[in-house]
Amino acid sequence: MPVDGKEAGPASQTILVVGGGIAGISAALEAAETGHDVVLLEKGPSLGGRVSKLNRYFPKLCHPTCGLEINYQRIRKNPRLKVLTMCEPTNVAGSRGAFTVTVKRHPRFVNEKCTSCGDCAAATETMVPNPFNYGLDKVKAAYLPNEHAMPMRYVIAPEAIAEGEGDKLKAACKYGAVEPEQQEETFDLNVGAIIWATGWQPYDPNNLDVYSYSHSPDIITNVEMERLAAHDGPTQGKIVRPSNGEPAKKVALIQCAGSRDNNHLAYCSRICCLGSLKHAAYVREQYADAEVDIYYIDIRAHDKLESFYQKVKADPQVRFVKSKPGHIRVGEDGRPFIHGERTIDREVYDEPYDLIVLATGMQPSAVAGYTPQVGLVKDDYGFVVPKELEDNEGIFSCGVAAGPLDVSLSVQSATAAALKAVQAVRQSA
Amino acid sequence: MTAPLPNPGKKYDLDFARWVYDNVNGGDKMALCMQCGVCSGSCPIGTNMDHGPRKLFMMIRAGMQEAVMTSNTPANCTSCYRCVVRCPRSVPVTYILQDLLAKQAELGYRAKDSNENIAFAKSFWWSARAFGRTDERLVTAKYYWSFGPAEFWKRSMENLKIALGFIKKGRMHIGMPHSVKDKKGLKAILDKAREIESRG
Ligand SMILES: Cc1cc2nc3c(=O)[nH]c(=O)nc-3n(C[C@H](O)[C@H](O)[C@H](O)COP(=O)(O)OP(=O)(O)OC[C@H]3O[C@@H](n4cnc5c(N)ncnc54)[C@H](O)[C@@H]3O)c2cc1C
Ligand code: SF4
Ligand code: SF4
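Protein chains in written order, with my numbering: chain P, 1 to 429; chain G, 1001 to 1200.
I should point out that these hints are in silico values taken from the structure, not numbers from a laboratory. Worth double-checking, as some hints may not be accurate.
Claimed, not checked - Covered by chain P, per the in silico footprint, the following chain G stretches (three or more residues, Cβ under 8 Å):
1) 1033 to 1043
2) 1049 to 1059
3) 1088 to 1099
As the list claims (entries may be wrong) - Calculated lysine-lysine pairs in the DSS-like style (CA-CA distance at most 25 Å, straight line):
4) Lys249/P <-> Lys170/P
5) Lys1055/G <-> Lys322/P
6) Lys113/P <-> Lys60/P
7) Lys1161/G <-> Lys322/P
8) Lys82/P <-> Lys53/P
9) Lys322/P <-> Lys311/P
Stated by the list, open to error - Quick list of simulated restraints, FRET-style, between CB atoms:
10) Asn244/P <-> Arg1137/G: 46 to 54 Å
11) Leu1160/G <-> Pro352/P: 56 to 64 Å
12) Arg1137/G <-> Pro352/P: 47 to 55 Å
13) Ala1031/G <-> Val210/P: 31 to 39 Å
14) Phe1166/G <-> Gln286/P: 30 to 38 Å
15) Pro1004/G <-> Pro352/P: 44 to 52 Å
16) Arg1137/G <-> Val210/P: 56 to 64 Å
17) Asp204/P <-> Ala1119/G: 44 to 52 Å
18) Glu347/P <-> Ala1031/G: 21 to 29 Å
19) Gln286/P <-> Arg1110/G: 29 to 37 Å
Bear in mind that the values here come from a model prediction, so they are computed numbers and not experimental data. Cβ coordinates follow ideal geometry from the N, Cα and C atoms, glycine included.
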């Protein structure tokens, strides 16, 4: 299949999917498996999006790698689906059947000859904050994005090139895969329909100044907790206090850290209650004597997930405290204290913890990134939705780009978007 | 003039919440409260309030008019505005408390344990009227004295260390109280204000 899709004539049959998270992957596969040519753009070095950084999935606590791997297999088997990593759109023009999408490709400095032998990593001395672990640890500047990366290919951080290591790394690779001369480039794609699946970013905890995130290493966010619990995370899966490496046995989870708050994200992020229930389970699995307190306004275990809530609630060492804390202070011994009012009995408390996890919400990536002016609009919160719900304009959104969804709802919305995109290119054929 | 309570004397009155929405400044916004507890948990003197704002709002919804109109929560609010800044639902908590306090007074209610507040307010206004300034030493002394000599002695001794610390750091002035230049003018302003207030 030609990448630029130009051969398809004035009405292109190619479907473009932007964002290689679970939503984008699903939409791309569904469309490709109906026999359409699909291009999947991912701005990072690997597919998988935020899901690849989760330790386990609620409610069954199974491993996301499993579901991702099944999808990667489907991608490998499908000649109609073309994956382009390190790529993001900078402009979308045209209309259904004839969109022109300008794409910027960031240099990876490693080509497809890479066998992921790791010789480049051995040769580099530059270290960079590890993006996979939200910067909780450092990684060599020539690195595999993660253990189960797709494509399974190294990437070299621009910092290593800036440090003048390019030639050294090139010489270290016996397969001729390192290309320090790569530059940022721009090209156009002609496509018939577009699915926007750019996902989300964690809400910045520094905006919640009363929760003192920057004042103590023992105050972390829920996405960091996923990495802390993961075997390929910064602590090889041990849930410890970042300040001193000791086991975190008294843990607080604070719900709605930024969500349902007019000063921050005015909407409910929908997944963080379940995320924290999962985190309570992580802690309790590791330490028989651990205590977990969940501070909440009300627990929103949406859909069929109430039973997971009931299961966690049955554990006497998980305490549910109905209270949105007022603030967190760092005590003289360095331990963080949560201060607030328990709304059931109106007691004002001031409790010390080993580790405090802020359940920050999901903010659509579109608040910071480029969003097409044609066919799509951002709602009040930055979620991207089609301008015309009735007319098929050939451009759609799915996953968390479209609203705060969990994985199963993201995949459902991805299938719906794929169907609409298929209809769009068929209608314009 | 504020509309009178719809059914005064009733312990529970479901019309009371409506009365608050319609008559108390910011009261309509109280309907947005989701009982999260941030206001009472953020309040620097929350433990000195009988109920705190969150619970008071719930009591209003429950129609507990007598208990609300005799609550010390409005009077003890220091107007620090922490709750207003932090409330996730943008409820103007401080404004509501301030106006509830005014309504309590206007309709002849008084917080059940308001002796402290009244004694303090009297001392505060005595100093403000006499000097156009609040002199901490005199306000405190007069306030303690209103509970009798024994209580005056006890409370003074309890706070002596703090006072000495203040003096040492140059935070409390010793000598004659500071005063505004035009005391007569100040008195005229305050008298006029009182006259306007009494017109209702
Ligand atoms: C702490 C936490 C725990 C969670 N746990 C669970 C769980 O256990 N079970 C569950 O069902 N859900 C869970 N979720 C929710 C889950 O993470 C989301 O439902 C899921 O990530 C949505 O996938 P997505 O593809 O829409 O977005 P993303 O995962 O964000 O993927 C978007 C992709 O698009 C790429 N991208 C962004 N902008 C561009 C651009 N301009 N151009 C090209 N590419 C771009 C990104 O790099 C990324 O790869 C959790 C969420 C949190 C916060
Ligand atoms: S899912 Fe729970 S924690 Fe997240 S915003 Fe909604 S209520 Fe708050
Ligand atoms: S902070 Fe706001 S929403 Fe929360 S209890 Fe107080 S008034 Fe209600």
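Practice prompt. Provide an ascending list of the numbers of those earlier hints which the structure does not satisfy.
Written response: 4, 6, 7, 11, 12, 13, 14, 16 and 19
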